[in-house]
Amino acid sequence: MQLWLIPILPLAGFFINGVFGRRFSKSLVSTVAVGSVVLAFAWALRVILALGDLNSAYTEHYFTWIQSGFVNIGCDMAVDRLTVVMLMVVTGIGSLIHIYAIGYMAHEHGPNFGGFYRFFAYLNLFMFFMLTLVLAANFLLLFVGWEGVGLCSYLLIGFYFDKKFATNAGNKAFIVNRIGDFGFSLAIFLIMVNFKSLDFATVFQQAPGASEATLTTIGLLLLVGACGKSAQLPLYVWLPDAMAGPTPVSALIHAATMVTAGVYMCARSWPIYVHAPEAMHAIALIGIATAFFAATIGLAQNDIKKVFAYSTVSQLGYMFVGVGCGAFSAGIYHLMTHAFFKALLFLGSGSVIHALSGEQDLRNMGGLRTKIPWTFWTMLCAALAISGFPFTSGFFSKDAILIAAHGYAPWMFWLGVVTAGMTAFYVFRAMFLAFFGTYRGREHPHESPPVMYLPLVVLAALSLGGGFIKIPVFLDKFFPTGEVPEDSTLMAISVAFGLGGIALAYLMYVLKPSMADSFADSVKGLYTLVYNKYFVDEIYDAAVVRPVVGGSRAVLWKTVDAGFIDGMVNGVGTLSRGVGDVLRRMQSGNIRSYASWVLLGCVTVIGAVLFFLGGVR
Amino acid sequence: MDQHLLSIILFTPLAGLLVLVLLPSKSKDLIRIWANLASFAGFLISLPLLSRFQTGASGFQFEEKFDWIPTLGAHYHIGIDGISLLLVMLTTLMGFIATLVSWSGIQDRLKEYYAMFLLLQTGMLGVFLSLDFFLFYIFWELVLVPMYFIIGIWGGPRKLYAAIKFFLYTLAGSVLMLLGILTLYFQHATQFGTYSFEISDLMRTNLPLSMQQLVFWAFFLGFAIKVPMFPFHTWLPDAHVEAPTAGSVILAAVLLKMGTYGFLRFSLPLLPNASADRTIVQILAVLSIIGIIYGALVCLMQQDWKKLVAYSSVSHLGFCTLGIFSLTPNGIAGSVIQQINHGISTGMLFMVIGVIYERRHTRLISEYGGLAHVMPKFAIIFAIAMLSSAGLPLLNGFVGEFTILQGAFEANRAWAAFAVTGVILGAAYLLWLYQRTMLGQVTNGKNLTLHDMSFREVAMFLPLVAWAVWIGVYPKPYFDILQRPVAEIVERVHPGYFNGVLAQMPRPLSPGGAK
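As you go down the protein sequences, you meet chains A and B in turn.
Note that the first sequence covers residues 1 to 617 in this note's numbering.
Note that the second sequence covers residues 618 to 1132 in this note's numbering.
Derived from the structure by calculation, the hints contain no laboratory data.
Incorrect hints may appear among the rest.
[As the list claims (entries may be wrong)] In silico DSBU-like cross-links for lysine-lysine, where the CA-CA straight-line distance does not exceed 35 Å:
hint, chain 1, residue 1, chain 2, residue 2
1, A, K524, A, K164
2, B, K1063, A, K26
3, A, K163, A, K533
4, B, K776, B, K682
5, B, K994, A, K163
6, A, K164, A, K512
7, B, K643, B, K776
8, B, K1093, B, K776
9, A, K163, B, K776
10, B, K645, B, K1093
11, B, K776, A, K26
12, A, K512, A, K371
13, A, K196, A, K477
14, A, K196, A, K26
15, A, K512, A, K533
16, B, K994, A, K164
17, B, K643, B, K1063
18, B, K994, B, K776
19, A, K164, B, K1063
20, A, K371, A, K26
21, B, K643, A, K196
[Stated by the list, open to error] Computed Cβ-Cβ distance ranges for the label pairs, DEER-style:
hint, chain 1, residue 1, chain 2, residue 2, range
22, A, Y62, B, R895, 37 to 45 Å
23, B, L1079, A, V473, 27 to 35 Å
24, A, Y531, B, P1080, 51 to 59 Å
25, B, R895, A, A213, 41 to 49 Å
26, A, A213, B, W685, 55 to 63 Å
No residue lacks a Cβ here, since even glycine has one placed at the ideal position from N, Cα and C.
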């Protein structure tokens, strides 16, 4: 079925734009970039339709990649039902965001060498790696995609590379992800040693035969990798900073696709996790803690993109809860609906930022509802979906997770519900601050062009109706646990919390705008703590970054290297100063004298050998 | 031609040197062109090896053997297996590129300079080709001399200090190594009654473990200083910083590999019991891991662009030695591939520095910043070099690191866990370097008028970029070439290793190279 075409198409786009883009017009660059992704979407669709019900995985082998000892890793790609969901999300949302980016980046020149084509080349490269990640049939090829999307994330976060904060954020993202990869790579080695293979099919088939301790270790190590990529505690710190990239990047990479790779990887490895209950417990715990923790930070952010960034961290936490509770399909369900509404929220805020010529601070917005109506109405759909408003997409998927959490541990359900309330509150807080009240900024808002708001309309439709794509039914046979039973009481509770959050936001930011400030004043200490994101960045800096950097300088380099080792060496060197003088004289620059030195060296060696020979005889 | 192919490869640079000597010193362009032609010929003549080498055949190929000094039992005996094939190809290609790199960088004493390079080229090839310990030792020492002069004459401000340090350090190591060789030699003579420096003869010598250990440590000093392994590395940063660009490129890309090659060709096969000795393996693995982490940490702190890349070599070579002393097929095959990779990546990084140094004559990182604005082509090349060094998948570094770490993991899980931190730190110091030099605003006015890379400058990177992608995407031919020699080494150190592994295997797999 030529699965390889799906990732290769965007790669071709990357090469064409990367090599010739400088000479291309903007319309040609965007045609190549968007065209390649849309074609990838079309090909993926064709493949999926042709493969039928896909009750078992369809695999293609291309060539042997690494073969050494018992290590035999192929360049293999596979499609099964889980891949189908991911393929559709990645290529579908990817196409929409590429189209949107044509409008968003139209005025973008970037710092020197062609912002526009460079942007689209990177974006296409990202699609290549993301599709490789999704289609990979073994852990190492998945890791290729995994690292590759990390690279593109680094390149795109630092897209405005003349800005220090942007390049800092890029470095941070890459390095924190590498810390996660520490766990992932050890997991790969452990899998290899235990199963003598990295192919999903082989490993998962043999997983039940391995010891629980081994599977738990593998599961926990994979989780470390997933925490890095999917921005979970304690490695979430890179994602909020990643908002330094252009907004389409935030939507595509840092909301809809790349950051969900950790969830995908854990769900993909379900045969390992079902035999490692402790590892699953760890997933659920990290997920619920992250969901709650990030939501609290989201309450107090003033940068519209930062609000949604923390919201992404929090929503990814929900997906981990789903996976950790054994409701794998619910986690993937939420992965998909989240891709719809969070991509929309980001693209919408991009449209707001575009309208206000770069303004991102919610305090300088207000009253935009009438000025940019397309943006407002579409974003409202996404806001309702993320708040779990009945029958929107988020309602179905979040409830599936929460009900599973209730079955797993009731306290997780309650914490999840409280988080849902906070989510509704901070999203609508942002909505009300941006679109209601009176306009507080100086720029003249203008609605975005159709090329930008049409993708918003499509995403709005998906945010509202996407819940009816019943992923748990589609993945029913793929994952061990079937559909989550419906429970109308629990459902009602979570809806109530969501509506309550919206109502509270309406009260505090529309009806009585002074209330928010006075409330913040009344809990000043707590507010400062949350406003400053619990000072986690500062703590990491003081506890990890500074000791490593300072220690390397003072102890390793200055003391051990320059002081101790070289001190001894130089001592020897001083002794042999005489030798040095002789050597210096050898630099006559005369080729014959060099040759004679070489000869002399040979003679010395031969002499030494003869000497020893004589001694023996 | 096949019978003497290796000799032709070995002496082509020397022949080039002989003609070079006859050229008039005044006509600089003629000297340049001739030197480049000679080293290019050296590369071309090595290409037939690739097609004629028989992958999977056991033992050595293209062997040539003549008595040289019969009374000593010294032979002119050369030949290659998969390991030396790859290193020979690396040497001929890097030798050519290093000559090309020197085109505009070197302006005085051209003739001597190129003569030194051609001599160095023959010396390095000899090291990788020799199958006789006496011959090996001559080439080993021969390499020292031209390198000493390249650093000492065409180097930077502290060139004398660096050159003498390099010379004394490596000389000290080689002298001890010589003692080790002679011990083996006389042991062989007492057991067999004939004197021979032949490696295959010496391999038959029956040495008690204690004697093997002694010889091992003697070899160790010689090889570890060359690699260099922690704590014998402090000559390297100085040598690199002071050496001219091409000197650094060759030093990093090829010269250091003489140490790792020494371990593979001599320490392991000649002293199998000592090499498999638990204590010795522990010590070497721990030193390797210290080198990996220590080198990377020290990189973080460097203010000097070139010193940073020099310390990164300590870290990368740590991976290579760790792979060797994991004593597993994966570790050793990965190590050889990583040796090639390090030649490519670090070679490129030093060339990147050379490009910028020729323009600004400073290597201080703080002098730069925002170069991507003025030198976009340079920014792309540097980015590729950086990513290949940082081990990004689909580029060369990843394949080597992955296989080494897999091998290390099989030997000892803790080793792999510690070594992986080197991968994290590797990303950190490289990205930070890139940020400080290439990104941000142009802060230094002197950088505003820099011109981007010329055609020649881009051209000298292209073969290396292509090689990096090839190894990253399709490394199978390399693993195929290495499978047999690596299996032989492992079998020698751990007799019966493959039977043990075979018993655990879920599906049949032949270790011996037969498909």
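Task: Hint check against the structure, violated hint numbers in rising order - done: 4, 6, 8, 9, 10, 11, 14, 21, 23 and 25
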